[in-house]
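A.B. asks: Letter by letter, the chains look like this.
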Amino acid sequence: MHPLTELACGEPKPTTSNIGEILTHLSLTLDRLIVRSVKLRDTDDQVEIALFGPVLARALLEVAFTSLLGRLDPFRVLLVREFQKQPSYVVDRRSGVAFNWQPDVQGDKVTDLFKADLKLKDVPRALLGSYYQETFWREACQSLLDTVPFHRGADWMSRLRLVDPETFASRARGESERIYTICSKGVHHEFVISPGAYYDKGTIQSLIQRSFELIGMISITANMCETLAFRTPANRAIDLYEEAQRELVA
Amino acid sequence: MSAQEDVNLRLAAEDFEPGDFRKYHKFSKNDERVISKLIAHGPILLQGGRGSGKSALMIEAKGRLNINNQAAPACGVYLSLRHMPLLRSSGAEYERIFCELLIDIVQREVEQSHYQFSADASLRSVQYGIADLSRQMNKRIVLLFDDAAHIGREASLAEFFDIFRTLSSSIVSCKATIYPGVTNFGTRFDVYNDATVVDVVRSEDQAGFGELFVEIMQARFPQLVERPLSSDLRLESLARFLGKSVLGNMRSFIFACNTLNETDEKSIGLASVGQTFVSLTTNYYWPLLDEVKPKLGKYEPMIEPSRAIAELLFKLSKTSVLVHREIVSRLLKAFEILEYVGFIGKRESSRSMKSGGRGCRYALNLCMLFENVPGRRLTVDLFGAWSESNEEPAEIHVKGTATSNIRMPVLVDGAELEILAEPIENLRKSQIYPYGLTDRMIETLQQAGYANVKQLSEAPEEELDKLPWVGTATVRRMKNVVGQAIWL
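So the protein sequences, as listed, match chains Z and S.
Residue numbering for the first sequence follows the numbering used here, beginning at 1 and increasing consecutively.
Residue numbering for the second sequence follows the numbering used here, beginning at 1001 and increasing consecutively.
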């Protein structure tokens, strides 16, 4: 398993539990996506880059974030699994419970988080939303910053150290939204003119590199909090984080 | 003065002719990552202190996006916003001046090619003009705005960020340099959603840190590199140590090498490095606070609290310090000024303190820390300890009395920058302005009626060019010095 995959998906065993089966599937997918992304990043074929770069960069984020959401909120992915196993499930119809970028990752802006008449049904459970910031990310980020020794974590960590735990989710949300939006235009083939001007080699390389770093940032932070299922111990997580950079930084 | 010495007196990337720029500027692996973000699509705010190398990164990105380079993925336009009228205007006036500057620079760029560009001085017209240019080229346009923020003036930045946001599109990628203290982005600009903030931080933990400073030494100080080193030093460890000591700040590193180069010893050893630190502290770092003061506008009264904090930090005898976040929050502008002048470098936003609570960790400038080392001797042990990065930081807790006497002064809005009223003699060649004005230049300017910095900054280049003994190169030098005086 690629070190970045292990950070994002943990080390699940497919035979021990339903969530283990899901995470194993996601980790195999993420592994393949990482290998293909690196290959594409290093190619000189401009057409390949413009056509497949956005698809791969967006897929990297979707798979890694689904996995992290599954480890934080297993109910969410277990529900999708059960739904997909039903005989009534058909692939040619839009599913109302499928993983969805906006509600599952970004979440809507909430002004008064803990208002007196708050109801559970009104609480969005987006991975990078405000409620996860309050309940999970602040603690995880503080724990990360206190755990990683000064000289460990390499370049990605030196940048992550400058992120204030109070703004962790909004930083990650902003960066993921920018990458996702740029990629979406290529995934949906929104351009009616040649995409070469927008998806040049440098832009795609940068998008793929930013996706790797963002997945690394969110995954290592998540592993620092005991709330996470299949949590990787801190020392192992730091090793994986450094190893991922050695393999992925161009 | 030899050509090499002349080069070593140039502190700002903008002072180099395009041909020389490549020769004397080197970039680490981390710098390359930043350059690739400047070239790629998407809005970027490049954040870093004085002399951190922001302009060099932008100029390099521009160089790789030359209008006539068919292989380049985009066309780069570099615009320095060091322009006095811009600093003193707001609202529609700011927009008009900004557009005029942008039109002028795009036209100059287009003149080197067969493309056409025209626009009038309104944002809408500029937007259309640039979009049309992009269509002609079938390429993105990358607009690189340098010195968008002036440390003493936050008021006009809201307008700048509005323009930045408006110009950004799928075919126009806007990039701008800002200082760490910039917080006023206006009401329309959301810093986390409308741009990616990239910190220009060179810390010793980054890949290629040591190698970068060796390369710079080799390119800019060949004589220094050829001098023999004492048995306890190697070129790599020396360059890395100097780079770390000045917190990775490029301009300070050049100062350090200049000073080290001037030492008389046959071979360079730890004693020479110690002497360099003492010299830098006395002649460069502490005077820097006085140099910066008149550029701070309404933040001018913050210099004294900044000085008091610096004196406190450097007495702690540790290479880094954790400061409780309530103290940082109360004295934020003072900490930003210290970061800006390179006394401290933020390394962590939040870390738990042994004494309770959480704080920001700052790395301390080792040259200044050396001032409080007993006997001012750089021993082998001290060199070894400071070369490592694993020392526990000192702590300043909110419950302690260390900072309780440091008070925030009252700030008055609308204060004029004091630097503008300073006489042009203050721009004379000196430790502060090593590439400053010569006596003859000052005399010529005074005879022509240019008495202060403001008058010189507002003088049209054609007027200066008509003065006796003044040619194109001298005009450029005058403008660079006055720019450095106001902006750096």
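Hints listed in this document are in silico derivations from the structure and should not be mistaken for laboratory results.
Keep in mind that the hints are not guaranteed to be accurate.
[Stated by the list, open to error] The list that follows gives simulated cross-link-like pairs (lysine-lysine, DSSO-like), each with its CA atoms no further than 30 Å apart:
| no. | chain 1 | residue 1 | chain 2 | residue 2 |
| --- | --- | --- | --- | --- |
| 1 | S | 1026 | Z | 39 |
| 2 | Z | 185 | Z | 39 |
| 3 | S | 1023 | Z | 201 |
| 4 | S | 1029 | Z | 201 |
| 5 | Z | 39 | S | 1429 |
A.B. asks: Looking back at the hints listed earlier, which ones does the structure fail to meet?
C.D. replies: Checked against the structure, the only hint that fails is number 5, while the rest are satisfied.
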